[in-house]
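*Asks:* In the order they appear, the protein sequences are chains A and B.
The first sequence begins at 0 in numbering that gives the first Met the number 0 and counts up one residue at a time.
The second sequence begins at 0 in numbering that gives the first Met the number 0 and counts up one residue at a time.
These are calculated hints, taken from the structure and not from any lab test.
Treat the hints with care, since some could be wrong.
As the list claims (entries may be wrong) - In silico DSS-like links for lysine-lysine, alpha-carbon gap of 27 Å or less:
hint	chain 1	residue 1	chain 2	residue 2
1	B	Lys173	B	Lys409
2	B	Lys240	B	Lys254
3	B	Lys371	B	Lys275
4	B	Lys170	B	Lys160
5	B	Lys346	A	Lys12
6	A	Lys21	A	Lys9
7	A	Lys12	B	Lys345
8	B	Lys220	B	Lys508
9	A	Lys43	B	Lys173
10	A	Lys43	B	Lys320
11	A	Lys43	B	Lys318
12	B	Lys345	A	Lys68
13	B	Lys345	A	Lys21
14	A	Lys68	B	Lys346
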Amino acid sequence: MINQIESIIKQTKVFSCIDCGKCISSCPLVRAGLFFSPRVIMEKALLGFRFLEDRNLWLCLTCDVCSEKCPSSVRFNAFVEAIRDLAIKEGVTKYCIPCKSCGKYFATLPILEHIKEAIKKEDVNAEYLMLCDRCRRLYITKNIYGIDALKV
Amino acid sequence: MKIGVFICHCGLNIAGVINIQKVISAVKNFENVFHVEDNIYSCSASGLQQIKDSIKKYDLDRVVVAACTPRTHEYLYREVCREAGLNPYVFEFVNIREQCSWVHMNEPEKATEKAIDLIRMGVAKAALLRPLEVKEVEVEPSVMVIGAGISGITAALNLSKSGFKVYLVEKEPKIGGTLNDLNLLFPTHINSLELLNNYINEVYNEERITALTSTTLKDVKGFVGNFDVTVVREGEEIRFKVGAIIVATGSVEFKPNGLFGYGKYTQVVTQLQFEKAIKTMEIEKVGNVVMIQCVGLKEVGYCGRICCVVALKNAILIKQKYPNSQVYVLFTDMQAHGPTYESYYKKAKEEGIRFIRFNLEKPPEIFAENDKLMTKVYDITLGEEIELPSDLVILSTPLVQRNESSELSKILKVPLGKDGFFLEAHKKLRPAEFMTDGVFICGAAHAPKDVQECVESALAAAGKAAILLAKGKVRREPITVELDEQLCSGCRICEGICPFGALTLDYVKKTITVNGILCKGCGACVSACPTKALNQNCFENNQITAMIRSLSTWGHRPEALDMEMECEKCD
Chain A
0 MINQIESIIK
10 QTKVFSCIDC
20 GKCISSCPLV
30 RAGLFFSPRV
40 IMEKALLGFR
50 FLEDRNLWLC
60 LTCDVCSEKC
70 PSSVRFNAFV
80 EAIRDLAIKE
90 GVTKYCIPCK
100 SCGKYFATLP
110 ILEHIKEAIK
120 KEDVNAEYLM
130 LCDRCRRLYI
140 TKNIYGIDAL
150 KV
Chain B
0 MKIGVFICHC
10 GLNIAGVINI
20 QKVISAVKNF
30 ENVFHVEDNI
40 YSCSASGLQQ
50 IKDSIKKYDL
60 DRVVVAACTP
70 RTHEYLYREV
80 CREAGLNPYV
90 FEFVNIREQC
100 SWVHMNEPEK
110 ATEKAIDLIR
120 MGVAKAALLR
130 PLEVKEVEVE
140 PSVMVIGAGI
150 SGITAALNLS
160 KSGFKVYLVE
170 KEPKIGGTLN
180 DLNLLFPTHI
190 NSLELLNNYI
200 NEVYNEERIT
210 ALTSTTLKDV
220 KGFVGNFDVT
230 VVREGEEIRF
240 KVGAIIVATG
250 SVEFKPNGLF
260 GYGKYTQVVT
270 QLQFEKAIKT
280 MEIEKVGNVV
290 MIQCVGLKEV
300 GYCGRICCVV
310 ALKNAILIKQ
320 KYPNSQVYVL
330 FTDMQAHGPT
340 YESYYKKAKE
350 EGIRFIRFNL
360 EKPPEIFAEN
370 DKLMTKVYDI
380 TLGEEIELPS
390 DLVILSTPLV
400 QRNESSELSK
410 ILKVPLGKDG
420 FFLEAHKKLR
430 PAEFMTDGVF
440 ICGAAHAPKD
450 VQECVESALA
460 AAGKAAILLA
470 KGKVRREPIT
480 VELDEQLCSG
490 CRICEGICPF
500 GALTLDYVKK
510 TITVNGILCK
520 GCGACVSACP
530 TKALNQNCFE
540 NNQITAMIRS
550 LSTWGHRPEA
560 LDMEMECEKC
570 D
């Protein structure tokens, strides 16, 4: 597994981080007031620490803003996605949310918790939140427009 | 006596504040003043021509220019005087810009008054100016280079190729200096011995270079162009004469005794020790290597500048030679300066070398655990302490000045900076030169430098020395002190005051002798002389007194009278 992480590091250029901190200052999670640092995740990967169970790894929105800002062209988004895939392969799924309909891992627990917290007062169907984006479209067409897309 | 006064407007710099017409009408009435005129820009070609024409037309014998600053323009007007057939030293500069119009911008009335007074003093002094003669002294066409490291060798080779005789003095039995101990050089990874051997062969093939190894410098006497050097080689004294001296003594690595377990554990070494080891011995396996940067920063007080790149180089070399090893570089600030070293740093990161930033307040700790060395470091990025197994700990230490350099600075009468390195005359305007004429500095004796910078600075010093030697003559500036032997009591007060060593006692005559080449005309000795035997050309005692007297007598300034009386108390 260490070799796989090593090759992900090489592919996504995580080693070339120069500690400038632009990723943190541009991260929407940090702006929303969460404690989150791409650099800590990368540092743990670089030093060979076990970090797959790290809550922070599963907090990232993969919005790619940090990669746009990075002067050393670190592709943090690609790094996080590759590491998450690796974690799922390794069986680390405690932060993964499977789609209620199709079973695909579509969201992470910290993000879902955050969304639920943010829309607590709104009237949102709990079932709708637990669907992956594909199933969500089917859900909308079926329950709101009354069309069963699978049959059409 | 016919004194001509030329007043410059300097555009609006002077004329914008001072009423020039009022000044002219006042100056016309001064004693000895024959001609007054003004110029918009007297330093322009037409302005200079106008001054030249007026000198000839009115047959003036003293010239006063009231304008900007003598620092930048004095030589220009002296040249005009010379071209007009006058001695260049019968010229007096009055500064009415920096010392008048600029500082009294808001008080034009008073500024005008002050300008008149300043010119009054200038005129009083000009009446007493004496023509002076510029003398020239021959230069010995040879040079001594102290230290035969890469800088010394480069300087010696370039000077010998320019046709000058070179004495290359080296304390060690072998020439080459620190390069003998290095492994591969960054960033091209060229073998240092290969590079050095080319240079050494060249030195021994060059007939104009005399390489004096196992030789120490004993004494240097004389002045620019004519240094008498005494060196000691195997107990025997050798004397020779040189025109210039280049200091290329280099520097040594800081020994971090007591820091990070250095001296306590054998696995803790410095970068230079590691380079020596990896060059001579075949190490089978290195395992986990931890490099610590900025070692001794608090002790020496400056950034070593090259140690970061040295660490990068050794880390890359380890990783290339032993791919299974893991290299950690603990750093505070990575000084991989310039595009070359920036890409070098990136390369090191690509090779898989891990960089951990630590805080100088919380330095790493080295400790032994079950016969294995461990490094504990507080990782700033992680915000927690981590422990790294360390089979080898390499400390990156800065270059420091040699112990012998203070002795050398006394022999050559050149200063050391507060960090212990030799101090050049001016960082930008006079690099590679010392305040003492004819002595030049290059290489790592001046500041921590890598090989490339050493070679560059050696070429600079060699170039400067070649200018002096190729000219063949040194100008003897006439604005120096002159001695009245009749008055000199030989008290030797001035000898201790002179910062340039220009005054020495003649034991036969029991009076002081002035070395006109060494004298820089600072005037410190003149004010110290109890018998008024010393007199500074162009700033003679009677001229200064006349300036003050003109102010009190004609300028109606009672405070100047007090000053005059104070001044005369001295007499």
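*Asks:* Indicate, hint by hint, whether the structure satisfies it.
*Replies:* Hints, one by one, checked against the model:
no., hint, in the structure
1, Lys173(B) to Lys409(B), "holds, 26 Å"
2, Lys240(B) to Lys254(B), "violated, 38 Å"
3, Lys371(B) to Lys275(B), "holds, 24 Å"
4, Lys170(B) to Lys160(B), "holds, 24 Å"
5, Lys346(B) to Lys12(A), "holds, 12 Å"
6, Lys21(A) to Lys9(A), "holds, 21 Å"
7, Lys12(A) to Lys345(B), "holds, 10 Å"
8, Lys220(B) to Lys508(B), "holds, 21 Å"
9, Lys43(A) to Lys173(B), "violated, 50 Å"
10, Lys43(A) to Lys320(B), "holds, 26 Å"
11, Lys43(A) to Lys318(B), "holds, 21 Å"
12, Lys345(B) to Lys68(A), "holds, 18 Å"
13, Lys345(B) to Lys21(A), "holds, 18 Å"
14, Lys68(A) to Lys346(B), "holds, 22 Å"
Hints 2, 9 from the earlier list are contradicted by this structure; the remaining hints agree with it.
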